[in-house]
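Enquirer: Residue numbers (the numbering used here), protein chains in the order written: chain A, 1 to 189; chain B, 190 to 765; chain C, 766 to 1125.
If you are wondering where the hints come from, they were derived from the structure by calculation, not from laboratory data.
Quick caveat: nothing in here was measured; it's all calculated off a predicted structure.
Hints are supplied without guarantee of correctness; some may be wrong.
Taking lysine to any residue and the SDA-like style, the derived pairs with C-alpha atoms no more than 20 Å apart in a straight line are [claimed, not checked]:
#1 B:384 x A:13
#2 C:1093 x C:1029
#3 B:552 x C:828
#4 C:836 x B:751
#5 B:552 x C:838
#6 B:552 x B:631
#7 B:630 x B:695
#8 B:630 x C:769
#9 B:630 x C:1030
#10 A:151 x A:164
#11 B:552 x C:839
#12 C:836 x B:753
#13 C:913 x C:1040
#14 C:828 x B:543
#15 C:1121 x C:1030
#16 C:828 x C:816
#17 C:1061 x C:1013
#18 C:1093 x B:326
As a plain string of letters, each chain reads:
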Amino acid sequence: MDNTVNNEERFMGLTHGQVFVYTLMTVISILFLFITNAYLFRMNFEDWRSVPVPSLLWVNTGSLVLASVGMAWAKSGAKKTNLQTIKVGLAVGGLFAVIFVWGQIWAWQELTTLGFFLTINPANTFFYLITALHALHVLGGVVAWFYVTLKTFKQDASILKPESIGLLGAYWHYMLLVWVMLFGLLLTT
Amino acid sequence: MEQNAMYEGQPLHHPKGWWGRYVFSQDHKVIALQYICVALAIGLTGMFLSLLMRMQLGFPGLFESISAGNYYQDVTMHGMIMVIYLLTALFLGGFGNYLIPLMLGSRDMAFPFVNMLSFWVYFLSVIILVCSFFVESGPTGAGWTLYPPQSILEGTPGADGAGILLMLGSLAVFIIAFTMGGLNYITTVLQSRAKGMSMMRMPLIIWCLFLATFLGLLAFPALLVGAIMLIFDRVLETSFFMPEIFKGGEVLDYGGGSPVLFQHLFWFFGHPEVYIIALPAFGIISELISCHARKNIFGYNMMVWALIAIAGIAFIVWAHHMYVAGMNPYLGFFFATTTLIIAVPTAIKVYNWVITLWNANIKMTVPMLYCLAFLITFLIGGLTGLFLGNVAVDVPLSDTYFVVGHFHMVMAVSPVLALYGGLVHWYPSVTGRMLDDRLGKIHFWITFVGTYLIYFPMHYIGFLGVPRRYYSNEQYDFIPQSVNDLNQFITVCALIVGAAQFIFLYNLIVSAYRGEEAGSNPWGACTLEWQALESPPGHGNWGDQLPVVYRWPYDYGLPGATADFVPQNVPDEQIT
Amino acid sequence: MAFVIVATIIVIGTVLWNAVTPWWFTPLASNWGSLDQTIIISLWVTGVAFVLVSGFIIYCVIKFPYREGHKAEYEPENTKLEFWLTVITTVGVVVLLAPGLIAWNDYVALPDEGIEVEGVGQQWVWSYRFPGEDGIYGNTSGRLFSSKNTFGLDPNDPNSLDDILIRSAEVHLPINENVIMQLRSKDVLHDFYIPQFRAKMDLVPGQHTNLWFEPTLLGTYEVACAEYCGTGHYAMRGLITVDTKEDFQTWLAQQPTFAQTLNEGVEGSGKQIAQTLGCVACHSDNGVNGIGPTWKDSFGSVRELASGEIVTIDEAYIKESVVNPAAKIASGYAPIMPAYATLSDEELDAITDYIKTLSN
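Work the whole structure out from these sequences, hints included.
Expert: Next comes the structure, spelled out in structure tokens:
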């Protein structure tokens, strides 16, 4: 971007949107860091009984990977200004994010039918709390996705810059990364 | 003209109609005023609650309706309102929103829509908080620190009803508002500075607001996690923080949790929070003292490094609130050391402000009076912190009135004095008029002397051992009658100081219509917010041309210039 | 010049106040004089800093008032000055921190030898336990708590039978011997604080904490709870009497062991039950209303309820109010009494009998 047009100094050559989203990612990371910290602390107490991880979570992980792939596709479409690719990529990205959340809810229902209720054991509570917090943040991303997708389907010229789609994609990849770490935590403890 | 002003390739948002212009405005100046109005309103409520507390302490039994339960509700809501909903919102939401774009030479915040949302989410958090006064259980009386297990158990007001839940919910909503606002400030400071304004040419208040935001963004998540887990413990009867409890003759359904874990989470947030309040106050003082002493701030570079040091160390001192809380006592060595280390950069800032006065040309304006009063009261508050931070000394003093005196001096008295100074200083920018000087001085003297008389003696009854959060001292022989007399005296002072705040409020409102017209730069300041074409600055702030910056913001008394100040946007060739 | 005058008065007043203040440390009654000394050192160091900096401010205000046409000195930096100021401040900080950390080192290291006593906190009364002749505290468990066994001791644990139970807020301790306290809470956070001993430590439910001191002065000292624990926090007062060693042993020998309390009948134990379950924190026996109405002269009297209804206090009213306080809340009182739903009929009778003895 040409700095002089807008008469502004830039930090490390980043755009406004990049600073916003990267800072947001830092804040969200701190949140999950604290939850993980509390989890590891509580794990050491006698009454902890690990929750068996439903295999459905692997499928859900796959959904989230596909969602990221879709967003990456949309970004490459935006770079080549191929509206069709953008639309397909966005649709895949949004759809699989929603499928992910739906799958998580399904997994909770599976666990409760097996008797792993929320309040019986701290490990159970943490499982639901961690996965719910993550799913909420994915849904927050979906809200932003609505805004971007609506503008794309109205063929708003400003969206043909790769920036907004790129940032949305970055958030998707970030959510996948957070999920991989949380999933790893749940699997190994 | 303004319609063509581009901003990040997108046109500046132009409001449509009355709702768009005044209610859901995306102009940072309007949003700042909205924050200030709501914060002052809830702050007056907090002040009223403190007067109720003082009535009980000074004149026990006079008002039968102030029962022990009500007293603790007043204590809790007073504390939470003042710290979070008044001070944090006013400094960051109010001053931050108003000053950041103007002082950086930008048209508005980086994301005006999100900025607008952040105010309305803050407003929502205040509504939720106020609702807790109207539910059956009344508001929570758990102390602003909300420690479990008592905060969610019967025996504490509001714990077995909606009171505690509305408080925790309100905090969660506030944190969302803060995050939205905070992301805006970070982006704007990093990205929207005018040409020529490097980071080391930013006014110190911007550094302070920037670092305070950084502190908040990293600290509030800890509170959010704690609040969510506490809500779970209360609503779903989980045991994050709840150990085995025997109460009312039976063992409750909890077990295995750790109350100390909550305290770690709370204070990991809580300590940076006090710097979130202190840093903007520091910033205001830096701006005011240099402008009204007509002298450059001394040691700008060290001031910035000191701020960065304070912001960094602020994250590793939190457990000085927990020395006798039952955590591993050997941690006390670490936290006492870091706490006393943080005194060093803080002291450097005080020295630099004070040295700014040396060989200066001091105008005893109302803002300058507030600066000087800040310095004296902050000295008391900061120095008494050294007592409490020194772990062994904290043993006899913790949870006594020494702590109450300390934190009021350092969080309530000095930052509020800075706040008033800032409001008087920037009032002409916002309204184009000056506040009445005489009323300003009357309000200043009553507030400064009055708050000193209220909080200074508290340190001594703390030495005596009078505990805090006591509804009444009657039962204790070691507390002499003279303490009750002191309480009466303090209450009378508090009532006078409380009444005096209405003088300021009156001044704020009436001067907007009848105040002396100010012109665009009545104080002769160098910073950019005074170099806009008009006071108050119009929408878009700068008209056709964004300013360009050629110097740092403290060229007061620059040798070789006729005037005693040179604004930031004046190039060398144009100095007269 | 108003500022100069007022500020000078404030600074001088602040310093002089230390000499004339009526509120100062209570007379020291323990070995923790090092804490007092560290406070005194801190007062001197901070006092000097306060006077120097405030004095400098006042001096500048006098010496450099605004003069039209005059300009301030232009001095952006003076690295050398800042360096030395930093050094002096660091030295000041070290002077404060060193004695403090040394004192803390003593405070956290429990002595090897001394009298062991456990302080137990609950809303809103204190009680105590000595480990008895075997010197070992018996095991406790939350599951064993009951109105008969308010310490939660395990009767099957041989170490617990000789534990000496102090089922009131008053305890005696011997002079000039280390007292090593173990602290335990049954419900919420509390803090055991004796101003004259300069010692305090939180009680955390779910874990033990420790505190130690050596009483050095005979006398009676109050314990004040110093961690907010609910509406009755301010009423949670305890008493420590420091005796000679002989008097202490005499007193201790008169206190019941856990084994002896197991054999006590319920009848006639109303006063004891009221103490151990915490009723006395809110209901006094001396006619003074507190968080709850006083029991003195209550039986047979007429009372107005919050609902406006007028009732006469009889056995049925008392028993109902213990197990279901919310049913009839007295007018003018907050509805915060917990329900003691698990008391047996004998226990309810005992309490009622006790309340009757407080009325004529």
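Enquirer: Indicate, hint by hint, whether the structure satisfies it.
Expert: Hints, one by one, checked against the model:
1. At most 20 Å may separate the alpha-carbon atoms for a hinted pair to count; residue 384 (chain B) and residue 13 (chain A) meet this at roughly 14 Å.
2. Among the hinted pairs, residue 1093 (chain C) with residue 1029 (chain C) is inconsistent with the structure: their alpha-carbon atoms are about 32 Å apart, more than 20 Å.
3. Distance hint between residue 552 (chain B) and residue 828 (chain C) is fulfilled; the C-alpha atoms sit about 12 Å from each other, no more than 20 Å.
4. The hinted pair formed by residue 836 (chain C) and residue 751 (chain B) meets the criterion: a straight-line CA distance of about 9 Å does not exceed 20 Å.
5. This hinted pair checks out: residue 552 (chain B) and residue 838 (chain C) have alpha carbons roughly 15 Å apart, not beyond 20 Å.
6. Proposed proximity of residue 552 (chain B) and residue 631 (chain B) is supported: the alpha carbons are some 18 Å apart, at most 20 Å.
7. A hinted pair counts as satisfied when its Cα atoms are at most 20 Å apart, and residue 630 (chain B) with residue 695 (chain B) qualifies at roughly 14 Å.
8. Restraint check: the Cα-Cα separation between residue 630 (chain B) and residue 769 (chain C) comes to about 15 Å, which is no more than 20 Å; the hinted pair holds.
9. A hinted pair counts as satisfied when its Cα atoms are at most 20 Å apart, and residue 630 (chain B) with residue 1030 (chain C) does not qualify at roughly 73 Å.
10. The straight-line distance between the Cα atoms of residue 151 (chain A) and residue 164 (chain A) is roughly 11 Å, inside the 20 Å bound, and the hint therefore holds.
11. Proposed proximity of residue 552 (chain B) and residue 839 (chain C) is supported: the alpha carbons are some 17 Å apart, at most 20 Å.
12. Among the hinted pairs, residue 836 (chain C) with residue 753 (chain B) is consistent with the structure: their alpha-carbon atoms are about 6 Å apart, no more than 20 Å.
13. Taken as a hint, the residue 913 (chain C) and residue 1040 (chain C) pair is honoured in the structure, with Cα atoms around 12 Å apart against an allowance of 20 Å.
14. Of the supplied pair hints, the one linking residue 828 (chain C) and residue 543 (chain B) holds, its CA atoms being roughly 13 Å apart against a limit of 20 Å.
15. Distance check on the hinted pair: residue 1121 (chain C) and residue 1030 (chain C) sit about 19 Å apart at the alpha-carbon level, within 20 Å; holds.
16. Simply put, residue 828 (chain C) and residue 816 (chain C) have alpha-carbon atoms about 18 Å apart, close enough for the 20 Å limit, and the pair holds.
17. Among the hinted pairs, residue 1061 (chain C) with residue 1013 (chain C) is inconsistent with the structure: their alpha-carbon atoms are about 32 Å apart, more than 20 Å.
18. For the hint linking residue 1093 (chain C) to residue 326 (chain B), the alpha-carbon distance of about 17 Å falls within 20 Å, and the restraint holds.
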